[in-house]
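Engineer: Those protein sequences? They're chains U and G, same order as listed. Sequence positions in the first sequence follow the numbering used here and run 1 to 616. Sequence positions in the second sequence follow the numbering used here and run 1 to 616.
Please note that the accuracy of each hint is not assured.
Cut-off 16 angstroms, straight-line C-alpha distance, at most; resulting in silico cross-link-like pairs (EDC-like, lysine to aspartate or glutamate) [to be verified]:
no., chain 1, residue 1, chain 2, residue 2
1, G, LYS46, G, ASP26
2, U, LYS134, U, ASP19
3, G, LYS307, U, ASP19
4, G, LYS208, G, ASP129
5, G, LYS3, G, GLU216
6, G, LYS307, U, GLU119
7, G, LYS117, G, GLU216
8, G, LYS307, U, GLU392
9, U, LYS307, G, GLU398
10, G, LYS307, G, ASP388
11, U, LYS307, G, GLU392
12, U, LYS134, U, GLU119
13, U, LYS414, U, ASP372
14, U, LYS307, G, ASP388
By construction, these hints were calculated from the structure, which means they are not laboratory data.
2 protein chains.
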Amino acid sequence: MYKGGYMGLVLRVNLTTGDIKKESLDPKIAKDFVGGAGIGINYLVKEVPGDIDPFSEDNKLIFVNGPLTGTSTPCASRMSVVTKSPLTGAVGMSSSGGHFPVELKFAGYDALIIEGKSESPVYIYINDDEVKIKKADGIWGMETFDTQNYIKHSLNNQNIRVACIGPAGENLSRLACIINERRAFGRKGTGAIMGSKNLKAIAVRGTKTVEIADEEEFKKARTRMLGAMKESPLLYSHFSKMGTPMIVDAISALGIFPSENFSTTGEKSYVESIGAEASAQSIVGSEPCYGCPVSCSTIKLARGSSKYVGALSDPEYETYYSFGGVTGVTEHDAIIAADNLCDRLGLDTMSAGVTIAFAMELYEKGILTNDDVGGLDFRFGNHEAMYDALIEMAYRREGIGKLLCDGTKVLSEKIGRDAYKYAMHIKGLELPAYDPRGAKAHGLNYATSYTGADHNRGYAFQEIFAIPIPAAYDRFQLEGKGKLTKWNQDVRTATCDCPTMCAFLLDLALPSIALQNTADLLTALTGVSYDADDVMVVGERVNNLARLFNISTGLTRDDDSMPYRIMNEPLRDGGSKGHYIPKEDLDKMLDDYYTERGWNLSGIPTKEKLMELGLV
Amino acid sequence: MYKGGYMGLVLRVNLTTGDIKKESLDPKIAKDFVGGAGIGINYLVKEVPGDIDPFSEDNKLIFVNGPLTGTSTPCASRMSVVTKSPLTGAVGMSSSGGHFPVELKFAGYDALIIEGKSESPVYIYINDDEVKIKKADGIWGMETFDTQNYIKHSLNNQNIRVACIGPAGENLSRLACIINERRAFGRKGTGAIMGSKNLKAIAVRGTKTVEIADEEEFKKARTRMLGAMKESPLLYSHFSKMGTPMIVDAISALGIFPSENFSTTGEKSYVESIGAEASAQSIVGSEPCYGCPVSCSTIKLARGSSKYVGALSDPEYETYYSFGGVTGVTEHDAIIAADNLCDRLGLDTMSAGVTIAFAMELYEKGILTNDDVGGLDFRFGNHEAMYDALIEMAYRREGIGKLLCDGTKVLSEKIGRDAYKYAMHIKGLELPAYDPRGAKAHGLNYATSYTGADHNRGYAFQEIFAIPIPAAYDRFQLEGKGKLTKWNQDVRTATCDCPTMCAFLLDLALPSIALQNTADLLTALTGVSYDADDVMVVGERVNNLARLFNISTGLTRDDDSMPYRIMNEPLRDGGSKGHYIPKEDLDKMLDDYYTERGWNLSGIPTKEKLMELGLV
């Protein structure tokens, strides 16, 4: 039995019946899946049939903290939410930092499982032991920042933390996310699941503290970790100051900053207009997550006389891609404003931007007409059309709103014809900001990640920062990418998504010690003994379990695919010119990956592997 | 010496030198001026020369709580800010509720006096006894809601309360106000004074409590007051549900809801589009001030498919006038959105709307050209042009922004010619939402209020709600209006602006007991004995002292005037048709008023009166 780290309770709220139950957290589940994504996927597999409509009453929304959440471990403020995604039909897993996760932990819960569907809008209010389902007719329709502020005011407690949806989630946009503060449980349409349940928000106030099994050992582990963080050549010196947007330049130099819907990566340079130096001019400060000494969330303000003046937001690198490169936009203030708008509307910036870029290309090719896009000038680079389209999408308005609001895959299917050739998604999830043609492990991870084209499930930092851990890899080569991708996915799951911990630490500071560090922290914190191998196995176990769920939804090897463009169009310019991933290369990598995973060549985990992992 | 109610300290922050001092509150000042506006004006007169440029370093910004602020007295959450107004050149006094005032009190201060001028942007952070001047380069340029949130985040304390300026104050718009939460220290350009001092915000956290001299007597007084509130036929039954916008219908019926820059009050009815019933459809909840059981601040949300969808705000009756009737706008969602916009920009809704209405009339008459208004279709009723103009004004942009951002008087002087005939201001302050032609005591109060055309300095509820206290008055008659206006001004100052207390209580619930109630509360709270007459004298003392300051600025009887239109154009339609206030009627009322005040016919307080009040 764990002696620390966990609060010991899972809160279950059924919105159909109004039942509110508290259950004990199973120590075996805690040991085997640690927390966050792991425990969340475990509940998903046990309680949600793979073949249901994601918007049905039977889908669940499972928020899970990690044992590290709310402790003094730096950068461990996070939690995961797990559901069957309406965007991919697969496991929808998304994590967020901020203050909401720790607040739920301080209220005494390791997890919150939301079931059923309310007949009218409600929100859940958790005040330590007291849990209520409250009417939300009034706040239905509010933007997310207003919702958060309004709930704090109406409950007369500024210390309440709120996770909520905006109009996008209410209107069941499959691109809707869940917002807390400025932070998102992004992508995969988790916000639409809240919307489908008529759940506007979850408001939490907690005053408990997290127990620590062995204070002295925990402090030692924490000190070692802080020491490793200090040694990073990037973390405090660059990342603290500029956050993720600092890498626009580096990715551009590698020729993998996707531009104009992946039709180019080098014709137009984005470095001058929205690169690290240019964008840093707008930084006015930062808003750290709970307990984070790094504070990478750089807040930017649109100044001067642009039409976006006054807009304030913290666009990440991925948003410089989705509202910058991939849409061909070079107006920096427009990126800040669109980021802020999406946060307010509860719309995922990445998926929304890529979908708009797709529509822009269809428009430029004459496949979408002026009528289809409501008279907007929908050419690449038109930031005003992009901005206006976001509003139409969040409100699912007739015309371009309805057309784009469910993402790239749905748009591609609606248009038919040749549209699929320009549709940049895998399993329905839009591609992130690293063109896989020039970074093959990125591609393999996109193809095999259990959430679709998701860099966060197995980010190949080896290909970007040239960090030779666990070994050195050439980004253009196929060789060894199966093993590397398994390693990246398992380590990331085990050391970030489950305990829970910010993934930036893994990429920038801790790659060589992540497994041992996690083992030390977990052992000291929970009183349950872990070594580095145990931790790695947790990652493997969770990735296998997620694969089982995806298989149960009907996904097969054929879905571990790549967009047409990636497989058929060599990059025509830039630092990765000439590279692409033809189908046979993808197949080679998949065979390699499946073999490394102990799966058969159809991508199905073998019984032996599942037994080894304790999953059967 | 007071035994309760006051914290005993005045905090003085000099932004030129960086000096921070704490002084004892003088018990004689406390006794004679009670608090809020009274103590504030006392400091203004002593420390600020009347003839200075309001934007000079010598001007001060004096925030003062009342003894009731932060006690359990209902509706006593308020404070005043006093300065030399850049809009009127006279006493600038403005009050606000919310939570900021009580927070300053709980931090241990009765008043905060801000002097000098910082060289670069700063904000003041008060954390109980600890007071710091902090750099604000980063937050300079932020909108007000962003500023509040950002400061809470960056100081990592959600319980901090912030009063701040937006772009309008930074750009020295004479219409700029100071915002805390959604609430404004409105009108008179107090926000521009903060801007001129390079002071972006004041952030406060306080944890002290207010002492009460005689708990038992205080509780009794409070119970009597709550009883009187319950007996009000309007307070809980109507005002709690609808707030001030409920009176659009009543004022329209009286024919004094000013429309299209006071050119009409009845040609177009606003009741159907933005009247009480129509506007109440948008109510989604309320955000009460600290300790307020009434909670009149009704939050409204723009829904449906209007271009303003998602806008959330709490427009008051005066804003239904300034962004509705007087600008000819009937789109309810536009009023919500413009109100929200002004709160974010830190722009006063009343003065901004009236100034826009003035420009609209000049445009319709061909006095302003298309070029002057930057190509906007600036006819009455064009809500989009109104909305866009507000942004131009807050940023003092070339063209219409610069032209309108300093208000009606400055615009009138810039245009010259016949413009003055349509300029609806007194002493530079734009007229409120009661056409004085059909409510003569309103007119006399506008003309003589020490802050310019300000309904809040002596609201003649007798003319609106037919409440016969202190006597019944016909709204069209001149007789007795001098005495009534003195009574209204002194009672309001004494029972609302000084203690401090919400004026709505006086108007709607407590007119017959306000003086005695205030005396009882103050006596029990402070341990210093007051009777009803003492309280009334406080009001008279403060109004006389404010008059002395205004005289020192160069104001004379000639400035106790009325807009040309009010004196020369009879109302041409509606329930007050044919009425106006010709110069000779105004003169009669002024003679009457001055005499009642014990002033000479030049409007100068006699030495006898000043001695009687202890002012010389």
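Engineer: The structure should be examined with respect to each hint, and the outcome stated for every one.
Structural biologist: Evaluation of the provided hints:
Proximity of LYS46/G to ASP26/G is assessed by CA-CA distance (about 14 angstroms); at most 16 angstroms being required, the pair is judged to hold. A C-alpha spacing of about 13 angstroms is found between LYS134/U and ASP19/U, which places the hinted pair at or below 16 angstroms, so the restraint holds. Taking the CA atoms of LYS307/G and ASP19/U, the gap is about 40 angstroms. The hint is violated against a cut of 16 angstroms. Taking the CA atoms of LYS208/G and ASP129/G, the gap is about 10 angstroms. The hint holds against a cut of 16 angstroms.
Distance check on the hinted pair: LYS3/G and GLU216/G sit about 14 angstroms apart at the alpha-carbon level, within 16 angstroms; holds. For the proposed pair LYS307/G and GLU119/U, the alpha carbon gap of about 29 angstroms is over 16 angstroms, so the pair is violated. A hinted pair counts as satisfied when its Cα atoms are at most 16 angstroms apart, and LYS117/G with GLU216/G does not qualify at roughly 46 angstroms. This hinted pair checks out: LYS307/G and GLU392/U have alpha carbons roughly 10 angstroms apart, not beyond 16 angstroms.
Of the pairs offered as hints, the one joining LYS307/U and GLU398/G holds, with about 14 angstroms between alpha carbons and a cut-off of 16 angstroms not exceeded. With a C-alpha separation of about 13 angstroms, the suggested pair LYS307/G and ASP388/G falls inside the 16 angstroms cut-off, and the hint holds. Simply put, LYS307/U and GLU392/G have alpha-carbon atoms about 10 angstroms apart, close enough for the 16 angstroms limit, and the pair holds. Only pairs whose Cα atoms come within 16 angstroms are accepted, and LYS134/U paired with GLU119/U is accepted, the gap being roughly 12 angstroms.
For the hint pairing LYS414/U with ASP372/U, the CA-to-CA distance comes to about 12 angstroms; that is within 16 angstroms, so the pair holds. Taken as a hint, the LYS307/U and ASP388/G pair is honoured in the structure, with Cα atoms around 11 angstroms apart against an allowance of 16 angstroms.
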